[in-house]
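**Q** The listed protein sequences derive, respectively, from chains S and Z. The opening residue of the first sequence carries number -2 in the numbering used here; numbering runs sequentially from there. The opening residue of the second sequence carries number 1456 in the numbering used here; numbering runs sequentially from there.
Hints may be right or wrong, so weigh each one.
Here are the simulated DSBU-like pairs of lysine-lysine, each with C-alpha atoms no more than 35 Å apart in a straight line [what the hints assert, rightly or not]:
| hint | chain 1 | residue 1 | chain 2 | residue 2 |
| --- | --- | --- | --- | --- |
| 1 | S | K38 | S | K262 |
| 2 | S | K224 | S | K87 |
| 3 | S | K24 | Z | K1560 |
| 4 | S | K24 | S | K150 |
| 5 | S | K262 | S | K224 |
| 6 | Z | K1530 | Z | K1490 |
| 7 | S | K150 | Z | K1560 |
| 8 | Z | K1490 | S | K87 |
| 9 | Z | K1530 | S | K262 |
| 10 | S | K224 | S | K13 |
| 11 | S | K262 | Z | K1490 |
| 12 | S | K24 | S | K87 |
| 13 | S | K38 | Z | K1560 |
| 14 | S | K150 | S | K224 |
If you are wondering where the hints come from, they were derived from the structure by calculation, not from laboratory data. Treat the numbers as computed from the prediction; the structure is a model and nothing was measured.
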Amino acid sequence: MSLSETDFDYVRTLVKERSAIVLEPSKTYLVDSRLTPIVRKLNLGSISDLVARMRSERFGEVHRTVIEAMTTNETSFFRDVHPFEAFRTKIVPELMAARASERALTIWCGACSSGQEPYTIAMLLRDSFPELGNWRVQILATDLSTEILDRAKRGVFSQLEVNRGLPAAMLVRHFTRQGLEWQVSEALRNMITFRELNLIEAWPGMPRVDVVFMRNVLIYFDIPTKKDILAKVRQLMRPDGYLFLGGAETTMNLDDAFERVQLDKTGCYRLREAAERRPGYATA
Amino acid sequence: MVRALVIDDSRALRSLMGRMLRDLGFEVVEACHGKDALERIREGAPPTIALVDWNMPEMNGLEFVRSLRQDDTFKDVLVMMVTTETEATQMVSALDAGANEYLMKPFTREALVEKLDLLSIEHA
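With the rest of the complex left out, here is chain S (with noise of 0.2 Å):
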């Protein structure tokens, strides 16, 4: 489907305004493959007759379910491999020596999408640390989208999905295969708490967290929003814990509070303070 100047216009002020994600005029073609299934769903002829709806009613259903459809990212398990070799072989044991006398750790997705993150940490976790099972672990998972996090909750993956960045092995010992899906444990479900957050809105009854994974979200905001974000981040991080931004992201001119450490073949990022306490970080 076609997609006019104006139409694209409001499309994009619509996300800025209500997710603060910034739409180039490069992703005309998202706009595009993205809002074709509405309009095809709503019976619509055209992207320019959703947008005619969206103008002529007050914000409800409609211009949710287009917000929701624009801030859905591609994902998959083990992303990237390297930020979780460190997670697994470095920031576990370390922050499990650091916590072993209150037992307790909180991971934190960011933008889950639909779940590969957090099912790759249960994993990874289930499979690699057995004593954490006398821990209170707790797995937060949130994103702006409640259509993406009713999809990550039910654990069901396509073959496609599961055949990107899942270990055959992790596979075959956590997920069922239902005709041609495959469906995550419910022993892994039940580690993952899935809540719908906006980023860029308050974040209430968030607890402190000792990693936080919010890879390849910032990207999508502006400087104002990606400096706000980072500082609420900071508040609810405790002083030794880590976060992980995507391989194109940093803090760097947005927030000086971060430092960032390098462990092994991937970067993340301390709390300064809690960096310079510990010389055996090489930072880069």
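Please arrange chain Z on chain S, whose structure you already have, making use of the hints.
**A** Below, chain Z without anything else, positioned relative to chain S:
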């Protein structure tokens, strides 16, 4: 250059996988079934990785993996099954026989790269 052995009775799939692997910097050797693969593997330097279809004439993929793992010379060869067989029990059989990974057909280039990344980390 890292050598990959592609074992599949479909010429089109051998060619497709060969192209993907060459783009990733592999030197590619092709075989059209398990027996052919065992002959080729004994001719030259062992491959770093073998990508193995399941259903093939002469010798199927599972039999190939079992034969390969009986020979200590090839204990370091990484094996990834690449097959339309998608039952969990078949995956378990392949892993028990000595396969290191399993990729279900059809697959994307990204899926292949991600599985190769996993293997390179697990067997570094």
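**Q** If a hint holds in the structure, say so; if it doesn't, say that too.
**A** Hints versus structure:
1. A distance of roughly 44 Å separates the Cα atoms of S/K38 and S/K262; the hinted pair therefore is violated under the 35 Å criterion.
2. Annotation: proposed proximity of S/K224 to S/K87 holds, straight-line Cα distance about 28 Å (limit 35 Å).
3. For a cut-off of 35 Å, the pair hint linking S/K24 to Z/K1560 stands: about 31 Å separates their Cα positions.
4. Simply put, S/K24 and S/K150 have alpha-carbon atoms about 29 Å apart, close enough for the 35 Å limit, and the pair holds.
5. Of the pairs offered as hints, the one joining S/K262 and S/K224 holds, with about 26 Å between alpha carbons and a cut-off of 35 Å not exceeded.
6. Between Z/K1530 and Z/K1490 the alpha-carbon distance is near 18 Å, which keeps this suggested pair within the 35 Å criterion.
7. Of the supplied pair hints, the one linking S/K150 and Z/K1560 holds, its CA atoms being roughly 27 Å apart against a limit of 35 Å.
8. Annotation: proposed proximity of Z/K1490 to S/K87 is violated, straight-line Cα distance about 44 Å (limit 35 Å).
9. For the proposed pair Z/K1530 and S/K262, the alpha carbon gap of about 27 Å is at most 35 Å, so the pair holds.
10. Taking the CA atoms of S/K224 and S/K13, the gap is about 16 Å. The hint holds against a cut of 35 Å.
11. At roughly 39 Å between alpha-carbon atoms, S/K262 and Z/K1490 are farther apart than 35 Å, so this suggested pair is violated.
12. At most 35 Å may separate the alpha-carbon atoms for a hinted pair to count; S/K24 and S/K87 exceed this at roughly 38 Å.
13. Proximity of S/K38 to Z/K1560 is assessed by CA-CA distance (about 31 Å); at most 35 Å being required, the pair is judged to hold.
14. About 30 Å separates the Cα atoms of S/K150 and S/K224, which keeps this hinted pair within 35 Å; it holds.
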